[in-house]
Structures are given as C-alpha cells and as structure tokens.
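Chemist: Chains as they are written, first to last, in UniProt numbering: chain F, 1 to 274; chain P, 1 to 301.
FYI, nobody ran anything at the bench for these hints, they're computed from the structure. Hints are not guaranteed to be accurate.
A partial selection of chain P residues facing chain F, derived with a Cβ cut-off under 7 Å [as the list claims (entries may be wrong)]: (1) 192; (2) 195; (3) 196; (4) 197; (5) 201.
C-beta atoms are modelled at their ideal positions from N, C-alpha and C, and glycine is treated no differently.
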Amino acid sequence: MADVLLEVEDATKTYHSRGETTAALKGVSLVVDESPATIACIAGESGSGKTTLANSILGFTQLTSGTISYRGTNIATLTRSQQLEYRRDVQAVFQDPFGVYNPFYRIRRLFDVLIKRFRLAQSKAEARELIEEALNVVGIRGEEVLDKNPHQLSGGQRQRIMMARAYLLKPRLIVADEPVSMVDASLRAMILDVMLRLRDERGISFLYITHDLSTAYQIGDDIYILYGGELIEQGRAQEVIENPQHEYAKLLIGSIPVPDPSIRWNREPHSQAG
Amino acid sequence: MTLTVQQTVAPAETTPRRPRSPWRNTKLMVGTLMVLVIVLIGVLGPLFWDTRLSAAASSPLNLPPFWEAGGSSDHPLGTENSGRDMLALVISGAPATLRIGLIVGVISIVIGIVLGFSAGYLGGRIDSVIRTLADTALTIPALAILIVISSYVREIGIATMAFIVALFAWAGPTRLIRAQVLSMRELGYVRMARLSGASTVDIMFKEMMPNLLPYLAAAFVGATSGGILAAVGLESLGLGPQRIPTLGMTIYNALQSSAILRGMWWWWGLPTVILVVIFVGLFLISTGLDEVANPRLRGRR
Numbered sequence: 001m002a003d004v005l006l007e008v009e010d011a012t013k014t015y016h017s018r019g020e021t022t023a024a025l026k027g028v029s030l031v032v033d034e035s036p037a038t039i040a041c042i043a044g045e046s047g048s049g050k051t052t053l054a055n056s057i058l059g060f061t062q063l064t065s066g067t068i069s070y071r072g073t074n075i076a077t078l079t080r081s082q083q084l085e086y087r088r089d090v091q092a093v094f095q096d097p098f099g100v101y102n103p104f105y106r107i108r109r110l111f112d113v114l115i116k117r118f119r120l121a122q123s124k125a126e127a128r129e130l131i132e133e134a135l136n137v138v139g140i141r142g143e144e145v146l147d148k149n150p151h152q153l154s155g156g157q158r159q160r161i162m163m164a165r166a167y168l169l170k171p172r173l174i175v176a177d178e179p180v181s182m183v184d185a186s187l188r189a190m191i192l193d194v195m196l197r198l199r200d201e202r203g204i205s206f207l208y209i210t211h212d213l214s215t216a217y218q219i220g221d222d223i224y225i226l227y228g229g230e231l232i233e234q235g236r237a238q239e240v241i242e243n244p245q246h247e248y249a250k251l252l253i254g255s256i257p258v259p260d261p262s263i264r265w266n267r268e269p270h271s272q273a274g
Numbered sequence: 001m002t003l004t005v006q007q008t009v010a011p012a013e014t015t016p017r018r019p020r021s022p023w024r025n026t027k028l029m030v031g032t033l034m035v036l037v038i039v040l041i042g043v044l045g046p047l048f049w050d051t052r053l054s055a056a057a058s059s060p061l062n063l064p065p066f067w068e069a070g071g072s073s074d075h076p077l078g079t080e081n082s083g084r085d086m087l088a089l090v091i092s093g094a095p096a097t098l099r100i101g102l103i104v105g106v107i108s109i110v111i112g113i114v115l116g117f118s119a120g121y122l123g124g125r126i127d128s129v130i131r132t133l134a135d136t137a138l139t140i141p142a143l144a145i146l147i148v149i150s151s152y153v154r155e156i157g158i159a160t161m162a163f164i165v166a167l168f169a170w171a172g173p174t175r176l177i178r179a180q181v182l183s184m185r186e187l188g189y190v191r192m193a194r195l196s197g198a199s200t201v202d203i204m205f206k207e208m209m210p211n212l213l214p215y216l217a218a219a220f221v222g223a224t225s226g227g228i229l230a231a232v233g234l235e236s237l238g239l240g241p242q243r244i245p246t247l248g249m250t251i252y253n254a255l256q257s258s259a260i261l262r263g264m265w266w267w268w269g270l271p272t273v274i275l276v277v278i279f280v281g282l283f284l285i286s287t288g289l290d291e292v293a294n295p296r297l298r299g300r301r
C-alpha cells in the first residue's frame, strides 16, 4: 500500500459571470503517491481545466466543492503555520519562464528569500552551499547567474533556475504546469530529465500538467486526461496509452507522432557531408 | 580572483551598446531643473535678500523694475501698491506655493497607496467601496466646494490650506494605483512570491511597490501640480493664507488694484512667470516619468 501524498476528491469549480455559469472542473478525483515517488500527468487541451486544478492545489483558487488533502489534511483548513509547511512541501514551476521573475531584483534574491523565510541555513556558507547544490541539479553554476538580472538570462536558464528554486526547499511535490511548452527542444529533454532524476534520486513526486501527451507518456507514471473539466481517462501511463477507453482519449493518443525506425531521414551525417 | 572579475567584465563590454538608462530622460531632467531653480530661489533667496520687505509699507509704492524709467536698484523687481518689494514676494511666495503642492502631493499619494493597494489587491467589497468613493470624489467640482470650505475656515496657514486641497486630490492617485495593482496581481512573480510564503504586506511592498515606482512618482507629481493649481485658484480669489505672501495672494492683490489697467505688469507678471515655470517643470517631470514607465512612449534618439 503506497503512501498517499496528495488526494483530490470530487473537485468542482464553477465560475459565475453575467448570469452564465461555467464549470472549469467537474468532480475530478486523483491521487499522487509519495512512496514510491510518482510523476502524475494531467493532460488535456486548453480550457480542459488542468490549470484550474493546479491553481486549486497551490491554493490560488478555492474549489466550489470537493476537497484537496495533503497527507490526509484538507488544505482549505490549514492553520497559518501549517500553510507555510505546505508551501515548503508543495512547490511549483510554471509555463512562462519570463513573468515569474520580478524584474526589480537579481536572481540571488529568489533563493535568499526562501532560505530566510524557511530558515533553511544557519550560516551564510551553508546557504551558499544549498543554492549551489540546487543549481547544480539543473546543470547551472551559481556564479554564472546569481548576480544577474532576469532579463540577462535565456528562457531555458530561467526555467532551469525555477526548477532549482523549487528544489531548494526539498519539497515532496512539485506542480509543474506546462514547464516545457515555452522552451526549445533540447532544453525540453533536459528539464524532463531533471524531473525524472528528482523523482528517482530525491523522491520528489510531480504533478506534471501538459497538453502534450507524448511527453506525458515519456516520463509519466500515471496519466489523467481531462476533457471539458471532466476526468475521462486515468490509469498507469502504459495502460492509458495502449488501451484508451474514451473517444477523445483515443483521438488524442492517435495524434502522438510515433517514430518509425524503418524511415530514415534522407540526409548524410554531418561528419561526412563536409 | 582578479582574473574572474576581468572575465565577467569582458563580455559586457563586447555586447552591442548597453541600453541607456530610461531615467536619463531629457524631459525629466529639464523639468527637474526648472523645479530645482524655484526651490533654490526659496532656499538661497533669503540669504541675499531681506524677505521682510514682503510686508506692506516696507518699501516705496509702485516702483517699476530697475531697468525701466523711475526704477531703483534698491528694489530691482519693483514694488507694488501697498509698498511690498516684488523680489521679496517672489522669494517667500514661490517656496510657500511649492510647499502647499508638496504637502498635497504627499498626503494624496499616501492615501492613494493605502486605498489603491487595498482595493486592487484585496478586491471584493473593499474594492467596490473604495472605487465608488474615488469615482464620486472625482466627479465633484472641487474648486466650488473648496471655496465654501475655505470661506468658513478662519486664519488659514500653509498646512491648513494644503489639507483642504488634499480633501479632493487623493482620488486620482487612488484610481491609478488600483488599476496598476489589479493588473500586477496576476503576474507570475506575484504568484511566485505567494508560493514562497510571502505575506500580503511583503507582496505589496517588496514585490509590487518597486515596480510601481515610476507610476507612483508620476501620480505624486500630478497630485502636487493639481494641488498647486487648486491652492493658487483659491488664493487668487482671496481665500488663501492671509499672513503669508503666497503667489496667489499677490495675483489677488494685483487684480484688486487694477494692476493690468495701470500698466504695472511686474505686479501680476512676476508671480505668473514663477507659476508657469513650476507648472511646466512639473508637467515635464510627469511626462518624463511616464516615458520611463511606458517604454512605448520613449522617443527616438
């Protein structure tokens, strides 16, 4: 019996505006395991409710009904100190690697704020070590970036630093809301690889939210497919991909490009081309 | 160690020209210079000129400036109908007017920050109440109300004057700040700060405020110049401080004594010129700050 880290039960979120009612989430339930650490993927198109779900888990929006429990405690009833504890355990990486940086401050502050608020280090040297370690996980050296302003960094660097920022807290769960949809292909592979390594080596679970089912299949343990705010497909990644039940899921899975080894790219390798 | 320093400096020099700081804006600098001149007149003037000459009957009556026929170098900018020296009036009047403006500016920006942040960040019912109050305050013809109020208040000083004017000057900054905060609330770095466990106060003052500085400065300057305008308006109607020779009071006296008909242009002209310098200076500062805040408005060099 695996330990349950996060459990979403019957989550429903409706918005009212000008007499119209829009349901962003309709009775979604899911479970993220703590041990073994799991990458749970939420896949779905724009407007399917996946970001609303992420925002509810992160406490940015309140559910209309249903509960989200973290280690058995409803997150809506957390006390102030428990909330801080929850923040420490549940972190996030967002889609847009640009807007998440306050243009007023240097990169260093991002880490310093966390170290101070969560009392992660007793001394300056210890703090420096923690930051360096976190940055090393994503393949960056501190001196390259810490004293720079956000606009001096590339999108890929920024997204990796965000990953390092989340890792600094040694969280139990990272909600990754489309972390790779705004970075280029080589960085995508690198960031997905970081997620796999954090899961395997540090036991951090992920809630990986994406519109791209192929990356979900690539790294996911469990896959949940959302469609119009409803969960239409769920299970182990392998099962969902190989044996989808719902029509929309079949369509989505059918659209994953499958590499066919029998088709060769009609081009000579570079070494011989010159 | 020195080696690493050189290494980090070298690429910065080779990058194609670093964008010039937006704060080095011509309008901003010219405007600041103009306001500084007025401030200097007020600060340094009393060292070189006896401001007691601004009292009535301290000088000969109706002298023109020294370069006109009948002018005297004892009163280089002339005197007016009641024997006040114009140079002394300018030296003590200009900073008094500016001070009223600054007090109004400070009061309304502080109220604007408190109300604007509360409305924009907390939203909900608080927002509705504050927004309604500010919108209502904006539609009230302030000068009319101010005339009524100041005609009831006896013995108006600089501070009282400023408080009366500030009663209506806070609505503009409040609306401006609310609008900015509202759009910033959903920004990535504000969400990130919440994820980092930042308190509401921290988010407001450490995350949002620094990025709002150009707007706050522009709102402050706007409120200041609005405050001066309202104060001078009241003074020109004879409703300002009676014991302090403000520029508006000088204009009021000039109008009362038919200075224009009598050809005493220096009487009404000098305070007007000072006021124009103050207003144009503040206007330039305000548009300059606007360009700092909105890159799209920045002119081509």
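Chemist: Now tell me, hint by hint, if it's right for this structure.
Modeler: Right, here's what the structure says about each hint:
Because the closest C-beta pair between residue 192(P) and chain F is about 5 Å apart, less than 7 Å, the hint holds. Taking 7 Å as the C-beta cut-off, the interface hint given for residue 195(P) holds, the closest approach to chain F being about 6 Å. Interface restraint check for residue 196(P): the shortest CB-CB distance to chain F comes to about 6 Å, inside 7 Å, so the restraint holds. A least Cβ separation of about 4 Å between residue 197(P) and chain F falls short of the 7 Å threshold, and the interface hint therefore holds.
Taking 7 Å as the C-beta contact cut-off toward chain F, the hint placing residue 201(P) at the interface is violated, the least distance being around 13 Å.
Checked against the numbered hints given earlier, the structure breaks only hint 5 and satisfies all the rest.
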